[in-house]
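Asks: Using the hints, put the two standalone chains together into the complex.
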Amino acid sequence: MLSFNSSNIVSKTKTISRRMFLLNSFKAVVLVGIFGRLASLQINEGSKYKSLADKNRFRETKISPPRGIIEDYFGKEIASNSRIYQLHIVPESTPDLDLLFFRLKSIINISTKKLNYLKKQIAKKKSWDTIVISDNLTWAEFSRVNLFLHDLEGAQPVVSVARFYADNSSAHAIGYVSEISPNDLRTKTYLQDLNIEGVAIGKTGLESSLDEQMLGSPGYLRFEVNAYGKKIKQVATDEGLKGKTFRTTLDQSVQKESSDALRDVSGAVCVMDIYNGDIISMVSSPAFNPNSFVHGVNRKEWKDLNENIDKPMLNKALSGLYPPGSTIKTLTALSALENDIVSSKLIVTCKGYIDLHGERFHCWKKKGHGVVGMRTAIKKSCDVYFYEVARRLGIDRLSATAKKFGLGKKVLQNYKEEKAGVVPNTKWKKKELGKNWYIGETLHSGIGQGYFLTTPLQLSLMTAQIANGGFKINPRILVDENDKTSNLQKYLEHMNTTPGNVMSVNDQIYNFNLKPLFRNQENINLVKDAMFAATNEVGGTSYRSRLKDKKFMFAGKTGSSQIKKFTQAQREAEIKQQDITYLERDHAWFVAFAPVHNPKYSISVLVEHGGSGSSAAAPIAKKIIKKVIERHEIREAQINRKLGENI
Amino acid sequence: MLYTRSSFHSPFAIRDKFFDLDFPLLISILLLGIISMFAQYSSSGGQFDYHSKSHAIRFFVFFFFFLAISLINIRFWNDYSLLIFILLIMLLVAVKFFGVQSQGSRRWINLFVFNLQPSELMKVGIILFLSNYYHKISSGDVNKFRYLFYPLLALLIPFMLVVTQPDLGTAILILISGVVITWLAGVRWRIFAYLTGLFIVLAPVAISFLKPYQKSRILTFLNPDSDPLGAGYQIIQSKIAIGSGGLFGKGFLNGSQAYLNFLPEKHTDFIFTLFSEEFGFVGSVFMIILYFFITFRITLIGNITRSIFGKLYCYGFATAFFIYVVVNMSMVLGLLPIVGAPLPILSYGGSSMLAMMFGLGIVMSCNVYKNNAIG
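As given, the protein sequences belong to chains A and B, one line each in that order.
Residues -7 to 639, numbered by this note's numbering, are exactly what the first sequence covers, in order.
Residues 8 to 382, numbered by this note's numbering, are exactly what the second sequence covers, in order.
Check the hints yourself; a few may be wrong.
[Stated by the list, open to error] Computed beta-carbon distance windows for the label pairs:
no., chain 1, residue 1, chain 2, residue 2, range
1, B, P31, A, S3, 24 to 34 Å
2, A, K402, B, F71, 53 to 63 Å
3, A, S3, B, Y201, 17 to 27 Å
4, B, F71, A, N290, 51 to 61 Å
5, A, K40, B, I41, 30 to 40 Å
6, A, E171, B, R22, 56 to 66 Å
7, B, F121, A, R255, 21 to 31 Å
8, A, E625, B, A101, 55 to 65 Å
9, B, P31, A, E231, 51 to 61 Å
10, A, R10, B, R22, 31 to 41 Å
11, A, A158, B, F255, 57 to 67 Å
12, B, S215, A, A158, 50 to 60 Å
Since the hints were made in silico from the structure, they are not lab data.
A quick note: this is a predicted structure, and the numbers were derived from the prediction, not measured.
Virtual Cβ for every residue (Gly too), placed ideally from N, Cα, C.
Just chain B, with the same shape it has in the complex (with noise of 0.2 Å):
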């Protein structure tokens, strides 16, 4: 009965928690928040301006609002997970009215000071919801019916409101750090088999929804050379960018490849291709030790974590975090299509970087509280 002690009510002063900040995750955020200044500042040809500026005041400003995040008790984001959930999907409806349309897609909603992208914090919001879902269900009803269905609705609303935005990429990612949770939880396989049964029986359905230049993405990732000068002409720019790289690479400010602009998308979703063709094989292989190793720090805080809450929320989050890089890299390798997924912290976008710091603050929260139970 030791563990059902509710919580601690002494308050802690904000400088012992500040102590109780786990310094590795951070010092390594910090790390790779001015690795990702200087690649903007590559991206942007060499220039401390445009976007490599606000990319900068954006990762500063954010990582205050990371700190004051983790100084707040876990109890609150799982008092409060199920409204901001809701407000994420209010949100999402709301772009679908008042949205910003851009290039042939409405993902934004004008806040006056900036263009939030809802999509990109509901990565975040779905794991949170989900946490704390399974942690108030006892673990003997987690495969029964009427306990399913909400999840699978929670999974469902925001994979719809995104994917026909139309953003593919980011309504998968979302889908992908639900699942997890679910799985996580304890859910059996048998569950998740029947549904991608479900899945594939509607999969011809659903590609008959698809945007056009979808279904060219999808095509010309399984033949990039059909269409060198289309569809497949970013994937093939990029492994020759990354090739060139070589060992060392070309070094910094000297990547010709995306100089030339043949990668529009160099400072969001290429970013890493940029990197690694100035920096090579040693720089790619020290980014990537450097994001495992964050999501190494995120799984080791869900260990000593005592609430189901922080435990699920920690290893959904470090999941979802391994596989928004996994997908990033992968697409930039060419291992993977072309669906929009930004490389976290690395890539310009706001929502993204606040989505991130956002979550990554909830993961220090646990860290500070992890001896609070939760009621």
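In isolation and in its complexed conformation, chain A is listed as follows (with noise of 0.2 Å):
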């Protein structure tokens, strides 16, 4: 076989070339076929079939499911769904489009500015395109409507679903929905086979974060149009999918709660569970109305939310950026005591000043505070005694300890609005500002001030890193069915059922899966004593603020993030906070954990420009730590009923 001559190519030819004629010639029989099919369907039957077309088409509406709702984590709707009426035209089953909208003006209140707008759209669209009249009619313009339908050819009222926020303490954390905007449409893939006339979308929060699992899938009415393009019959229909619908972290009465104590000032509050990284709580103030945006907002509302100096539409809890200030002071006697600089009896004497390099840095308070040790220093929050602890540690390492607790990172992986903020050290400064590391910067930095930049869920997350003993957690603001019990949980249990077992850090790592952030646990708990002696011992940042009912009991942390630097002659008169314009009033901040002797909770409070931290946030902080640990057994409750449920 395979012989390879030339008869075997001739009648190979032969026979190939034979049947390839045979195939064209049937070939041809065909194509004729197809020409003829054409020529009858589109030259023959061509009218026929164009009056098919006009005159007995379908129609299909796109009909949007209703969205997720997002729960507390009691199960309490914060962004749920409500009943609205609108009215919709399609401009080819609607006869004459001007008597419409003349009789329209007389019956639901609509500018004729909006109505211009409106026939603008429609000279765009599709004779068949739905097009939106108004999104939400009162009640009465909608029974009005339905009243005189008659006389409204090609009018729809519609009865949809619509966002409905219950009110507005949680408005920064879940965001708002509004109209989709060309922008969203470029940058969301989602939306792009969505299509759907008047669907809102999630702009900020987590109704932007969980929008694609929120939005459901679409259904659709499939119906039969007569040749005015009215409704024959219905022929098909598909709901479509709901939204998934989340539970967060949250609870909507301590979001109350701080919403309330939050009512007069510029500022954030962040509530964490220590052991799990349970948001409980996190608002922003002042704040919105997320309902405003649903419908579209008007300019004056939006002009106003946008002028007003105290920024309402921006979360300051993830996204405002401040210098810690003393609140920092935690971290760096942490940062000395782990990195063996200075040991815990270290002795300061501060006389209000120090003086380095010719440089003097003031302690808050000008008298001085005498003779101090780091648990003194720490209580009544002297200055000079962390200059020297700064200067001596060095910014590089307190710089590491910062990032180790979570500073200048996002901690949220559900906002895209959180911010980072900055942890400065000598190479930071390096590259983003192109200059060397002065030591003045130190001992700044060692106080909180200079360049550190913190979120209020930041501070309050290291907080809660430095009240649960030292280990890392992960913040979450949605609740993770899988996940009821951290591994921190089931240590502490298992250490409170086998007394006077002690653990080596070792076999915490490894039996619990734990993140210990510390080389000797006695050093967090030095730092631990020190927040309990600011807080309930006489002369303390806070101790006016206490509580002293020992199941309230909380320890904290003042602080105050200076805006402009006092100058000498100010510091002569001895100014107050008071006494100068509010936007250089410096921020005030006030962390704590609660309660003390057995803490479940970390709170961060941040006042704009409300001077001191112990007069301006410590009592913020007070009220809502109070609500806090009051709420705590009804979740607890919760958390066990909830497993009840699964087993």
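Replies: Shown next as structure tokens:
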């Protein structure tokens, strides 16, 4: 075989050519057939199909499914859906558009400007596209439309659902929904096939990050219409799929309490479970009304929101950046102890200032604190003591500790608006500012001023990780149904059931998968004890805001972040914060954990331009802590109840 | 003995080879590509976005791929056709295990950059393999039993692999493309008659393996009005759209039927419907003539190619190409059941486009190296 000779090729070629000729003749016949069919459809029966196409066609309307609900920890709806009344028209089924508009003007509240805008929209779209005339009619308007419907040919009253927010306390954490903008269409791929008239999508907060899952999948309504676009019969429906419901870790009643406590100030609060990172409350003040955006915010309201110097649209709890002030002193002390730079016995004499390389660094207390040890220095927030500690420690070690405790990076994945903040060190300054680090800047950083920038969320996390004994936790705002008890809680349960048992750090890591942030846990305990002193001992910075009841007792650290450095003249005149203009006053901080002997929650409170932490922020924290602890047992019960259901 | 000279050893310069391309064919393909972009633009609702954009990009990328293949010596394709065929069989088997599932069928394989549909490439692969096979065996052996065994196997394996994906349309097209080659090569009528008889006997058994939706499609084809809102819906809507186009069509971007989303696959299988509604009888006739001109040029290349491999391949591909066009058009014109067969180049779909450009590239290679004999 495989003989290769000319006679073989010739005979093969003959066969192939003969058969190809047959095939080609067959093809010609088919070609004629196709042409014939085309001609019969398009020329012979063309007019029949044209009238079929015009007269008896099917229409499809997309139905937007109800948006997923956002619940708080207890299943209360923070963002829900409410019934709304809309008016739609389809231009092709409207015989006289001008007449319809003229009549509508006397029935519903609609401006001529809006009508002109709608006319332009109608001109741009296909005649069978649904146009939303009004997406939120009042009940009175809706019933009037229904009453006069026989005079309003083409108008379609529609009952639909829209986002509804019960109150403003969670406006920032949850975010808001609004109509799709051209920019959204470009950037969010999941919207490209959605194509539903008048659907609202999430713009900020969880509404934005969970948008795709909460939208659900749209359904459709297929019906037959006559030559005038009037529905003859419905032929198919697909309800679509309701969006996914999400349960958050927030507690609606704590949210309200926090929002209440912040009512008169501009600031933010963040409360966190120190063992599993659940965010119990996250409030930014002043808030906006998220319901205003659902049907398009009016121009005046939008202008007011944007021109307000307190920036109501900003979620200060995670997008507001502020120097941490004296609250960082806990970390400065911890870093120095952990790195064996100073011992806890270090004594420094504070005369109200120290001089270094010809520059004078002041303590907040002009007269000075006298001879102070570490515990007293944290308790009384002595700046001079921490200048000395920071000088010995150096910025790079402090920065490493701060980063370990969650500063300088985003800590939640759910918010695209979250800011990372800044933890400065020598490398950072060289890279970002192109300059060398000065020792003076180390001193400022040691008391949380200078380049340091943090968010209330980060400081709440920092405090939580000190309070829980120095273990890393991951903050979360969505309930993880599979992870009811964190490793840290399991570890604590284990330690409680076997009293007197001391577990080495290695065993903590291997047996419970913990991530200790310390070398020696004694150092953490020392800082916690000093925070206890700051709130609960005479002379502590937040002594006045303490709660005496053992159940509610908390331990905290005040702070204030400088906006503008005092001049020598102001310092000598003993100017008080209240005496300078609002925008130049310091931001007030307070971080705390509670209950003091068996800590469960951490809190951070920021009051913009509040002056001092002890007078502006600590009293707010006191109120919220009380509420959080009151709710503790109910929250615990919720975990057990849910667990019970699963078994 | 003149024809037995094995080959010319003088290598051509790329430039010389370029001028050996068949320009009428090249220009027709380019023209079809440009028309396809307009049609896709219209199917995206008048936006250069989503699939119209990726269709345009694919066309240009694969057009350069086509040119590159054209310039590779036809002997290369002859030598490697068995390897290519086996590779495609392996890909089809891989689809069974690692395939991407979509809308109830497993047809695609995830190559990270894009999802490939090996069954589309198999349409060309089977022509390549059988042309090579009949090139090798002598004309006297064609009808001997042991020489019928391999072609039968080569037809049945891909058919079974594809029909169980399930993808009846592509499986039938692969089978027909292969059968055409065996017939052209000289297999007797009688053998086809026996096999057809066997098929008819086995058909009831085979039908019991069909998915319910496939059965309903065949039944609906026989009487589309029996189920106007279910499976017959597409055929009726397609006929209304084409018929309402009339002589001159409704104009570019003005096809109401297509815009109204009556046709869920208007950018793939029903692209001709959309085109025909907008450009009417005149446009459709032009389009059909363009397609037939392409098959005509491919047949001409087959006429002037010396090697049996080249001849069989060109004739086979021309016929297969013709069949793809006819099956798709008959489908949308209501002459055949809806089986899922794309219109070459015009339909959206990367694998189909890749397969057609690959197939046309080899045709072009036959033209460039038409005087090369293959050993």
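Asks: So does S3/A sit 17 to 27 Å from Y201/B, Cβ to Cβ?
Replies: This hint holds: roughly 24 Å between Cβ atoms.
Asks: Starting from the hint 30 to 40 Å, judge whether the C-beta atoms of K40/A and I41/B obey it.
Replies: holds, 33 Å
Asks: Against the range 53 to 63 Å, how does the distance between the Cβ atoms of K402/A and F71/B compare: consistent or not?
Replies: violated, 44 Å
Asks: Okay, P31/B versus E231/A on CB: inside 51 to 61 Å?
Replies: Between P31/B and E231/A, where Cβ atoms are some 55 Å apart, the hint holds.
Asks: Taking the Cβ atom of E625/A and the Cβ atom of A101/B, is their distance within the range 55 to 65 Å?
Replies: Since E625/A and A101/B have Cβ atoms about 58 Å apart, the given range 55 to 65 Å holds.
Asks: Between R10/A and R22/B, does the C-beta distance stay in 31 to 41 Å?
Replies: For R10/A and R22/B the Cβ distance comes to about 38 Å; the hint holds.
Asks: Is the distance from the Cβ of A158/A to the Cβ of F255/B consistent with 57 to 67 Å?
Replies: holds, 60 Å
Asks: Take a look at whether the Cβ-Cβ distance between F71/B and N290/A falls inside 51 to 61 Å.
Replies: Distance hint for F71/B, N290/A holds at roughly 55 Å.
Asks: Between S215/B and A158/A, is the Cβ distance one that fits in 50 to 60 Å?
Replies: Given a distance of about 59 Å, which is inside 50 to 60 Å, the answer is holds.
Asks: Is the hinted range of 24 to 34 Å satisfied by the C-beta distance from P31/B to S3/A?
Replies: holds, 31 Å
Asks: Does the Cβ-Cβ separation between E171/A and R22/B fall within 56 to 66 Å?
Replies: holds, 58 Å
Asks: Taking the CB of F121/B and the CB of R255/A, does the distance hold inside 21 to 31 Å?
Replies: violated, 56 Å
In this structure, the earlier hints numbered 2 and 7 are contradicted, and the remaining ones agree with it.
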